[in-house]
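Colleague: Relying on the hints, combine the two individually framed chains into one complex.
The chain contents come next:
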Amino acid sequence: MSNVSINIDGKEIVTQEGEFILNAARANDIFIPAICYLTRCSPTLACRICLVEADGKQVYACNAKAKDGMNITTTTENIEKERRAIMEVYDVNHPLQCGVCDQSGECELQNYTLEIGVDSQSYTVADVDRASHDWGHLHYDPGLCIVCERCVTACKDMIGDNSLTTIARGGDPLNLEYKESMPKDSYAMWNKLNKSVIGLTNGTDVLDCTSCGECAAVCPVGALVNTQFMYKSNSWELKSIPATCGHCSAGCQISYDVKHTSVHNPDEKIYRVMNEWNYVSLCGAGRYGFDYENRDVVKDEVAFAAAVEAFKKADTIKFTSTITNEEAYILEKLKDKFGYKLVNEEARSFQTFLSDYSSVSGTTLYGSDLKTAMNSNFIVSIGTAIKTDNPNARYALNNSLTTNKGAALYFHPVVDPIIAGLSKNIVCVNHKPLQEEIALYLVLDLFADKSKLPTDIVDYLASFHSTKTVTVTESIKEKVVTIVKEMKVNEETGEEEEIEVEKTKMVPKKVSKEVEVDDNRLLSMLGMADNFMETFTKLMKKKDSFSMIVGPDLYNHPNSKNIARLVALVEKYSAFELIMIPTLTNTLGVAMINELSETAGSYAVGYNTAADFVLSGLGDGDLDMPAINQQEGTLTSINKRVNPTNAALPYGGYTLNDIANALGLNAQNTIDYTVKLGSINGFKADNFDDLPDYYTNAGEEIRGYKLESLSKTTSGDESVSKIDEAFMLEGSIIYLANPVRQFTDFTKNTTNLDEKSGVYMSAESLEDSDFSAGDSVSVKTECGELTAAIVSDNKIAGNITVLPTFDSKLNSGALVNGYRFANASIQKV
Amino acid sequence: MEQFNNRNVADNGYFMVDIEDYPTDSMGRFKRIIKRTFRLELFVGLWVVMREMIKFDIHTISYPEEKMPIGPRYRAVHEMKRLWESDAERCIGCGLCEKICISDCIRMDTKIDEESRKEVTEYTINLGRCIFCGYCAEVCPELAITHGGEYENASEQREHYVDYEYMLTPIDVMKANAQKEFEGFGAITPHEDERVAKTPLSY
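Each protein sequence line maps, in turn, to chains A and B. Residues 1 to 829 (this note's numbering) make up the first sequence, in order. Residues 830 to 1032 (this note's numbering) make up the second sequence, in order.
Next comes chain B alone, as it looks inside the complex (with noise of 0.2 angstroms):
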């Protein structure tokens, strides 16, 4: 991850690569015509399929029986996160993604519980509506709604993908300490703490 960081382009080996400039007059253009036609390019293509497929070294994987790592980025449907310390729910309810969300698709209910507290008594997300933008995970203060890296899903709706439940880390995940973090937009980047400046406190 460290490298890619860096993103000054000179540091890196990064060079231009050298293109025949294209013909400008139309006698140029004919002569290209010549030489692409009559060097015959195109079974040049054709023979780097006939040379790999004699090689047997295939390089496409094999799903379902192999399957790519998805990246960290990648906008699965969606999942909610529990909380490392308590495994309580981590969502506080503040409506943070109902309000960002550009298709109007996630809705939920609070009331004060017993103790005082917000509580989250309903949460929604209606699939059907979703176009998986990942608003409501880079706006999401608590890191609890994220998007997860499951995209097997088969249904006659999109709406059955998932409900609440579902999204919610289960509890023996959770107790098997073998929750997933986020690392798509709206984790926490590297170097955070060095460009926030510090609050001072008397305690």
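Okay, chain A solo, but in the shape it has when bound (with noise of 0.2 angstroms):
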């Protein structure tokens, strides 16, 4: 991409070729009204309100890219026709409800409206019968849309889900009349308009997505509304607190929407998650699940005592990665100053994996983030169930799928219905529990540049190809020459006679041939298709940007060292872009920031966790501790930038810092470590207060800062170990892995998120075992058992069975050694 210069209005800007004329303008704070385009996502065409005059030509500005030299007249007198036909249009029929609407006070079509100046209205419709739908977690009420196809954009082209779409709303046809009296383009628009409104995929009226409520954040006007926010305040009564997501690792930038809880109650209360969403898409548990905080809670001076003794007697502090930086930087603090021994067993799995990973990269972090991901056109996933561990990587793969004609590959065991129909240009590979090796060596062979790649490896790669002899039969077209009779008029004598005439025509014949092909044994122990190489030649037509995501499964795998040199060597000589998806919220900083141990020693201090004292912002352990969204503070994202986030909710309590000063630490905020973090390697030494937090029109992300990937000098060692073929889980097998919007007990303990605990089955292997739904079994593996009832999952397909570990009672880590998948027997007890 090359930078081109264009004049808009008379103001000469750069921007990229290729760009969008609107991104171009918007970038530049030029204002082009538009409403049905959302940033990231194809142009849908619908409003037409952007119209622009580009070198005398009218385009819409949404979708035609930008030329160098171009000429941009953002107002001509007709392009202010159509744009006072078009916001008259869209108020016909519209309820005059603003008062009880609510979208009132942040609703495009009432400042639109405004801002065209509508005073009074020249066209008319008879409107149909178009009652309102109860869709679940969402309010549809088509008399309120304007069918901007802003929701079914969003989630086709971000979300993935493609739960809605637009279908008929019968009704009268427009008067001909206008289409000889109304500006151009507005008419198409209204005729276009009049005959849809929006509905399900389905074809029912359940909505069964992945409930992220994305398409009720776009909707501009009341349309679509959060059933949960329905009522309960106007917008303009709420104040926004910007904070980061605190529920996984992608660190979505979010604002809690807080009021007083009633008239009664003058306590702050929650009511409403926002988003930027052109630049940042939350999921189900970012948007709903906010109500975690922990309540009522005021200072307990015994408990604080005991905690303080509880400290003194420690010699271990297991916690958890739902804490902040500055948090895990008091725990180093204080192990520093008692000699503590550090227990995090995730966030140390991940730092393991990221020093076996830097001692051949050459790197101390992976080198991408989502955002390349998001605008690259290949993406490869290895050992994540991508939709739970992260969904915004899940956005990114889908996004680079359908906006930029993408394909992808997607290595997991776990069959999943909601990957496979992101788009049909992505290939699940559903191998076999503990072959993610083969899956590296895979993609090594297949986008390696063998020239620079270790001569032992590619050796080894080598020995997996063989030619064999198949039989193909293939279509080709025959010319075949056929002799017909047809009647035809003899011009001299006017009479019909028959005559011969002869005809060509291409025949398609089938015809076996013997060819000599190349045949990958890599492919056939993961067990792929047999006609995957065609299948990828075809994915890998004009793709020249690659990203590779991995995730959690790899890290705690028995051979996880050499996957993660596997990995590093994948991103070194290959053009994958890398991406690591942390396993918890702050789990990189986790392993940024602290020295931790494998053992613990024999008292030991839980932090939201289970120990011998307990400090917990569950408010189920010894000392109440603040939540996220009851904190100050900074969270390390799996974009590699470290994000502030503050505190929504008052808290009344003791927090970390109250102990860590207790004990000798001296610092009046907990805000006040943030400053400090500078002395690890990659942070940086800002204040808090100064810290960013916004994005620019342009959609540059300006929040906080981005952690440095410092440079580490390697032994230059680059060599792996070879495959073990027999290496892998069969048989009843067991995996470790939350339903979409559950991530920890702090997401259970929200009010919205109503998803069960329990042994989660697809609804497929239900259907073909004698379990059903609600049948309570028990499960058991080598390392322990758990008895708890079946869940019945469709957004899992196939035969493993999936036990969430967001609820700690249910306890299911017990039951693996570490690795996320095992061997377990199943029965109805």
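Everything labelled a hint here was simulated from the structure, so no lab data went into it. Treat the hints with caution; some may be incorrect.
Said to hold, decoys possible - Covered, in the sense of this in silico footprint (three residues per stretch, anywhere, with C-beta under 8 angstroms from a C-beta of chain B), are these stretches of chain A:
1) 99 to 106
2) 111 to 124
3) 228 to 234
4) 256 to 267
To be verified - Lysine-lysine pairs mimicking DSS-like chemistry, simulated, CA-CA at most 30 angstroms apart:
5) 1027/B - 239/A
6) 928/B - 195/A
7) 452/A - 479/A
8) 239/A - 940/B
9) 722/A - 712/A
10) 299/A - 722/A
11) 65/A - 424/A
12) 1027/B - 184/A
13) 795/A - 828/A
14) 1027/B - 269/A
15) 232/A - 269/A
16) 192/A - 371/A
17) 259/A - 928/B
18) 928/B - 232/A
19) 928/B - 756/A
20) 940/B - 269/A
21) 179/A - 1027/B
22) 706/A - 341/A
23) 452/A - 676/A
24) 940/B - 232/A
25) 940/B - 259/A
26) 538/A - 424/A
27) 1027/B - 192/A
Cβ atoms here follow ideal geometry from the backbone N, Cα and C, with glycine treated the same way.
Modeller: Shown next, in the form of structure tokens:
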């Protein structure tokens, strides 16, 4: 992409070649009205209000690309007329119910009606009955809908559920006179609008999706609203607290909208979560899982004294990664002072994986982020249930597939119909558990630059290839000449007579042929289809930017060291940009800040985890702690960014900083430690209050700061161990992963996220088995046993049983030995 | 009412009052003082009082036996109106009064009711803070919250003057068709329909 210079309304601006005019204008603070366009998604062309004149020709700014020297005028007399007519059309039959509409005050229809100055109405059409629909967590009122299709676009291009579509509205056609009397584009737009409303793709009135609520967020009017928020509060009464979502490692920027609880209760309450949907898309947990605060906590001096005593007595601190960087830093300082062992197994495995990775790659951190993945057009995902491990990684995958005409390979043992349904250009390889190494070898084989790759690896990869002779049937077209008799009028005599005409036509014919083809044994080891190489050749057409996403399955893999080295080799010797999905919210931060121990000592203090003395933000411990939405601090995201978050709700109890002060550290607030993070490699010494938190109009993320990836000297040893072909799990297998919208006990504590804890089995595997949903079963592995009820899940398929980790009472972690898969026997009890 | 809508001053028999110019020099001012002092203007006023006292034609009203009618724009404590059609409360819970209130004394709670409509569950005005500016009545799109004419309130606290139940038109008043419409700021002004462009309809 090269820079070009274009002129908009007399202002010279520089933009990328092929950038949409609308985006170029927005990046340079030039206003062009637009309703249906969503940044990062493909243009819909539903509203047509973004009309501009480019080099004397009317074009739509949202889909016209910038060319060098282009001259653009954003308003002309004709465009003004079109825009006025478009807004009048949107107001036709729109109910005047702003007083009871949830969108009132932040409604784009209100805004543009005033902006364009519509003060009278010239057009009319009879309306049809548009009764509202209850879609569970969403409420759709077609009467308010302006069919801009932003919800459809977001669901298709960003989320990937494809749950929404336009369906026929019925009713009267437009008066034909309008075709003559109305401006051309506004008539065309109205003609389309008048025929459609939004409906569900599955043809029913029951919404079955991953429930992210992004469609309601992007709705410019009050047509699609969150049922949970309906008629609760006017938007202007709410105060927005900018924050970072604390549920997973994506670190999405959100704002908690707070207001007093009721007339009688002045305590602040979170009413909803909002996002900058042009630049960041949330999942259901981020959007609806906001009320996980530790409520009604007061300073319990007895419990505090007991906590201080416990810290004095303890030799170990156990904790989870749902803490801020500052708290991790406090724990590290306490460790330095008192010699505690810090135990966090999930962060330790990620830390080890990172260090094994850097011993080959020579950098402390993986090289890329999700934005790069989103802009690439070939993605490989290995070792992660991407939809639930990090929903934003899934959105990046989907966005790359849909808007960049991308392709993807998804390696995972659990069959995932949602991921398979993202696009026809994604190949899901459901290999056996423990075969992730083979998948990485395959990626090396398919993509690595063999001229640079160490020769022993090249030789090893070559050893899997052989040529084999196969019989293929091809259909070729053969020329066949036939003689047919036709009746024709003789021009001289005027009589009909029969003549013979020679006709040639191409007839497809099947021929079998013996051909020599390359046989790659890696493919058969992974159980991939025979014709994979043909599919692969098609997928690779016109691909120039590659991203690889690897996830938590690899960090705890028995061969994780070798896998980390393979991952580094892929990044080093192929065009792939690498992203690792940190296991939990701040796993990356903890892995950078803390020195972790493998084994616990005799007496442990636990922070949000079981131990001899428990500090808990969940409200069930010996001393209460604030939850993430009650804390100031920073969280490190998958994008290697240190993001600031603010306290949305007040907290009346003690914090970890109070304990640290009682133990001899000295800081007034937890955020006093933000600047001290600078002493750790990669972090910067910035004050918390100086950290920015916004997106520019060009979509650039200005939040906190990016961690610096430092170069590390390597030994030059790039050897990797070979594949043990028999190394795999077969039979009845369990996998530790959460259902969509659940991550930790914090998401479980929220009122709107109602996913049940239990033994998740795919709907199709339940049909074939003796079990049915609701049955109580006992799951037994060599490490442990648990009993819980079966939950039927149609978001997974295949025979692997999924055990959620969001419910610590289920204690599914005790059933495996690190690695997320295990053999298990499941019996009814 | 109609005559007051015509604001053309020239047509209505208005005239300029002839007022003598003020003196500008010190001699003129001195003359004015002498004139005023010796004409005993003070007693003119005293005489008027005396005259009216003797005539017994008293113009003041004997409150509380007699009461003046209250003007439509008078802003006493609030009233909540009901719909003529159904006797239901007019308030739709749009929250505009809550927003516009400059002393921030109105608060309401709303929720979705069984019929998927917006329901106002709580509505309060803190009259201890209210400055009776009338913005709430002016902004109300439903003519639901209005100012009443009731000025005879007595309590130790202004907050005690009314609560929501008291503000709401009593149902027996509604049954008797006796609810009074508000005519102050925010009510529909005369000739409103002439100034609004008609929206065409296909029915």
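Colleague: Can you take a look at whether the segment 228 to 234 of chain A is actually covered by chain B? Rule is 3+ residues, C-beta closer than 8 angstroms.
Modeller: Our answer is that it holds, as 5 residues pass the Cβ test (under 8 angstroms) against chain B, meeting three.
Colleague: Does the structure keep residue 65/A and residue 424/A at a Cα separation of 30 angstroms or less?
Modeller: Satisfied, since the Cα-Cα distance of roughly 27 angstroms is no more than 30 angstroms.
Colleague: Holds or violated: residue 1027/B and residue 239/A, Cα atoms, limit 30 angstroms.
Modeller: 39 angstroms, violated
Colleague: Would you mind confirming whether the straight-line C-alpha gap from residue 232/A to residue 269/A stays at or under 30 angstroms?
Modeller: The given pair, whose Cα atoms are some 12 angstroms apart, holds under the 30 angstroms limit.
Colleague: Within 30 angstroms, alpha carbon to alpha carbon, are residue 452/A and residue 676/A?
Modeller: Given pair residue 452/A, residue 676/A is violated - Cα atoms ~42 angstroms apart, limit 30 angstroms.
Colleague: Can the restraint linking residue 706/A and residue 341/A be considered satisfied, given a maximum Cα separation of 30 angstroms?
Modeller: Status holds; Cα separation ~29 angstroms.
Colleague: Can you confirm whether the C-alpha distance between residue 940/B and residue 259/A stays at or below 30 angstroms?
Modeller: Cα-Cα ~15 angstroms, so holds.
Colleague: Does residue 712/A lie within 30 angstroms of residue 722/A when you go C-alpha to C-alpha?
Modeller: Within the cut-off at roughly 26 angstroms; holds.
Colleague: Does the structure keep residue 928/B and residue 232/A at a Cα separation of 30 angstroms or less?
Modeller: 15 angstroms, holds
Colleague: Holds or violated: residue 1027/B with residue 184/A, Cα cutoff 30 angstroms?
Modeller: Measuring from Cα to Cα gives roughly 24 angstroms; hence the hint holds.
Colleague: Does residue 195/A sit within 30 angstroms of residue 928/B, going by the straight-line distance between their CA atoms?
Modeller: 38 angstroms, violated
Colleague: Is the straight-line distance between the alpha-carbon of residue 1027/B and that of residue 269/A 30 angstroms or less?
Modeller: Judged against 30 angstroms, a Cα distance of about 44 angstroms means the pair is violated.
Violated hints, listed in ascending order, are 5, 6, 7, 10, 14, 16, 19 and 23; each of the other numbered hints is respected by the structure.
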